[in-house]
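Respectively, the protein sequence lines represent chains G and D.
Counting from 1, position 15 in the first sequence corresponds to residue 15 in this note's numbering; the numbering is continuous, with no gaps.
Convert by adding 1000 to the 1-based position in the second sequence; the result is the number in this note's numbering.
Incorrect hints may appear among the rest.
Here are some, though not all, of the chain G residues that point toward chain D, as calculated from beta-carbon distances under 10 angstroms [said to hold, decoys possible]:
no.: 1; residue: 53
no.: 2; residue: 87
no.: 3; residue: 94
no.: 4; residue: 197
To give an idea of the interface, some chain G residues facing chain D are shown, with a C-beta separation under 10 angstroms as derived from the structure [as the list claims (entries may be wrong)]:
no.: 5; residue: 139
no.: 6; residue: 166
no.: 7; residue: 189
no.: 8; residue: 200
Treat the hints as calculated values from the structure; they're not laboratory data.
C-beta atoms are modelled at their ideal positions from N, C-alpha and C, and glycine is treated no differently.
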Amino acid sequence: MDFKSSDPVTGPRTEDHLPHTAQAGVKIVIVGGFGVGKTTMVGSVSEIRPLTTEETMTQAGIGVDDNYGSDSKTATTVAMDFGRISITDQLVLYLFGTPGQERFWFLWNGLFEGALGAVVLLDTRRLEVSFDVIGRLEERGVPFVVAVNTFPDAPRYPVEELRSALDLPREIPIVECDVRRRASSRDVLMTLLRFLHSLARAKAPA
Amino acid sequence: MTPPQRRRRFPQEQPPQPHQPTGEGSQDGRPPKNPERLYIITGAAVEDGERAPIDLVTLIVASAELPPSASPEQSALLRICQAPLSVAEISAYLNLPFSVVTVLLTELLAAELVQARAPIVRQARADRSLLEAVMHGLQKL
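Given only the sequences and the hints, what does the whole structure look like? Please build it.
As structure tokens, this is what we get:
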């Protein structure tokens, strides 16, 4: 990538500056299939216009089982939209979501490490696109809640039917939401936080 | 109508475990068992292991004047970090991949031109007081 000194680099707008007292960032990752509303959710609660960060990866034989041992590598750029919510003068919450190709997120070193947790956003018209993501979160030990983005023409399933279809234990919250609405997206995040809090309480009774 | 049924890839898998404190150190001397192993291009002469533990949400703030020897990338980074900024935001504003920003920051940190304010939950599961603070902040939205 060329980086020329003549390239205009526009930093944050003045109103997007964090206070100098800002000490720490925490993050939540929003995962789900293509077109399920992840970026919409980020945008509906973010205090800044959502930004995009990216990572370049080379991968050998991802998802290509007959390609083992070959030297063929492909460079892939994974883009991630994110937004920001200032929690206090010291603490900033970042929300990451991605426009597509979810299998690559898990190759992004450090995306899930240190995250408070994840929101799995579902579209009931295409439930199966989330199966892989849920499996990977479980394998990584990333705590998550499930949020069903209620599209008008999508089938509505009782929560317990969804829970059974997704093969999720009963302690994992499943909620409905409309991610276009700020309050609804916020409630999803609150559900995740309460779930994380219950996990922390269970771990440390003191 | 019945929804499709998820099948677990590993039937005996355990319920979610807490994060491992070591974070991304997945190469703990064992041979690679995961075919989806990833190699990040850094494109710079920073050896593995020398890289500072920089997270997407590490906050960076400039701590010194711009030296004349600074590269265009370093200058731009220092300029936008007059107020604290996360690594993710730096990557977005500079239009550079995260790993490239990480390399830049490693150099700037070594030269003490920037300060890193580390994410506080890097080491372990978030504690309750942190979660309560985040909940309180969200309620104000």
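Hint residue 200 (chain G) vs chain D: min CB-CB distance below 10 angstroms?
holds, 5 angstroms
_Per-residue hint verdict: residue 87 (chain G), partner chain D, C-beta under 10 angstroms_ = holds, 3 angstroms
Self-check item: Closest C-beta approach of residue 166 (chain G) to chain D relative to 10 angstroms, hint status
Solution: holds, 5 angstroms
(request) Grab the minimum C-beta distance from residue 94 (chain G) to chain D and call the hint holds if it beats 10 angstroms, violated otherwise. (result) Interface hint status for residue 94 (chain G): holds (5 angstroms vs cutoff 10 angstroms).
Practice problem: With chain D as the partner, please determine if residue 197 (chain G) meets the hint condition of a C-beta pair closer than 10 angstroms. | Solution: Holds, about 5 angstroms.
inquiry  = Please check whether residue 53 (chain G) passes as an interface residue: C-beta within 10 angstroms of a C-beta belonging to chain D.
reply    = Residue 53 (chain G) check passes; min Cβ-Cβ to chain D is 4 angstroms, inside 10 angstroms.
Closest C-beta approach of residue 189 (chain G) to chain D relative to 10 angstroms, hint status:
holds, 6 angstroms
For the restraint on residue 139 (chain G), tell me whether the closest CB of chain D is nearer than 10 angstroms.
Since chain D brings a Cβ to about 7 angstroms from residue 139 (chain G), closer than 10 angstroms, the hint holds.
Taken one by one, the earlier hints all hold for this structure without exception.
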